[in-house]
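Listed below are the residues making up each chain.
Protein chains: 2
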Amino acid sequence: MDRIPILKMGPFLLVTIQVDMHDRLALMLQDDLTSRIADTGAKGVLIDISALEMVDSFIGRMIANIAGMARVLDAQTVVTGMQPAVAITLVELGLSLPGVRTALDVERGMALLRSFQDQPDEAAPPPRVDEGAGAGPDE
Amino acid sequence: MDRIPILKMGPFLLVTIQVDMHDRLALMLQDDLTSRIADTGAKGVLIDISALEMVDSFIGRMIANIAGMARVLDAQTVVTGMQPAVAITLVELGLSLPGVRTALDVERGMALLRSFQDQPDEAAPPPRVDEGAGAGPDE
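As they're listed, the protein sequences go chains U and Y. Counting in our numbering, the first sequence runs from 1 upward without gaps. Counting in our numbering, the second sequence runs from 1 upward without gaps.
Misleading hints may appear alongside valid ones.
One copy or two, either will do: identical chains are not told apart, so a pair holds if it fits within one copy or between any two.
Unchecked claim - Below, a list of computed lysine to aspartate or glutamate pairs in the DMTMM-like style, where the Cα atoms sit at most 25 Å apart:
(1) K8 to E92
(2) K8 to D105
(3) K8 to D118
(4) K8 to E107
(5) K8 to D20
(6) K8 to D31
Hints listed in this document are in silico derivations from the structure and should not be mistaken for laboratory results. Everything numeric in this text was worked out from a predicted model, so none of it was measured.
Sequences and hints are given; from them, build the entire structure.
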C-alpha cells in the first residue's frame with residue numbers, strides 16, 4: 001500500500017488522493033504518473049482530492065508540479081473535489097495553482113477533459129505573463 | 001482523511017481502496033456507499049483494489065458484504081485490479097466472493113457494468129444453490 005494507484009479510464013488517467021502525502025509518496029506518484037502518461041499516451045489527468053480535509057504548501061506544490069509535468073507531456077490536468085477549506089488555505093498560502101483547471105466533482109472534471117480533447121486550442125493554458133519583462137517604453 | 005471517497009461516474013460509483021481497512025473505516029464505507037447508491041440511484045459499484053498487496057478474511061468479507069448490500073439496492077458490484085497474490089489468498093481463505101464480478105482493470109470493469117445495464121437479465125447473479133436443502137426424494 002505504498003503507492004497511489006493510477007486508474008486508466010479511456011484516454012484519461014484518474015488519481016484519487018486519500019492518504020497523507022509524504023515526500024517519498026509524492027515523488028513516486030510523480031514518477032508513476034509521468035511514466036503512465038508516456039506509456040498510454042493519455043491526454044488528461046484527473047486528480048480527485050475530495051478526501052483531503054487540509055492541505056499544506058507541500059501538497060499544493062506537488063499538484064502544481066504534476067500539472068506542469070503533464071502539460072509538457074501533452075496532457076491536461078484537472079483537480080476535482082476540492083473542499084472549501086482547502087481552497088481557502090491554498091489561496092492563503094499563495095498557491096493559486098497556475099495552469100491547473102478545477103471542477104466540482106469527477107463527473108464535471110471528466111466532462112472538462114473531454115471538452116479539452118474536442119477543442120484542443122481552448123485546452124492550452126493561458127500564456128503566462130512574465131511580470132517585469134518586456135515592460136516596454138519605461139525601460 | 002478518515003473516509004474513503006466515493007466517486008460518481010455517470011450511473012456508476014467508483015471506490016479505490018488504498019489504505020489499510022480497519023473496522024471503523026470499513027463500516028463507514030458500507031454506510032457511505034449504501035447511502036450514495038440510494039441517493040444517486042447508481043446501477044453499479046466498481047471497487048478497485050489494485051493498491052492492495054495482501055488481503056485478509058476481514059477485507060474479503062467486507063467486499064462480499066458490500067456486494068450483497070449493493071445487490072439488494074439493485075446495483076451490481078465489480079471488483080477490479082486484483083493482484084495475483086490477493087486472488088491466491090482469497091481462495092486459500094475460502095472466500096470465493098459469490099455474486100462479485102471481477103475485471104482486470106477499471107476500463108474493463110466499467111465495460112462490464114455497462115454491459116449489465118444493457119442486458120439486465122444477464123446482470124442477475126446466478127441463483128445460489130443451497131446445498132443440503134431441497135434435496136428431494138432422499139428426505
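Each hint, compared with the structure:
1. K8 to E92: neither (33 Å within a copy, 30 Å between copies)
2. K8 to D105: both (18 Å within a copy, 8 Å between copies)
3. K8 to D118: Answer is both; intra-copy 19 Å and inter-copy 23 Å each pass.
4. K8 to E107: For K8 and E107, both the intra-copy (15 Å) and inter-copy (7 Å) Cα distances are at most 25 Å.
5. K8 to D20: both (23 Å within a copy, 23 Å between copies)
6. K8 to D31: within (16 Å within a copy, 27 Å between copies)
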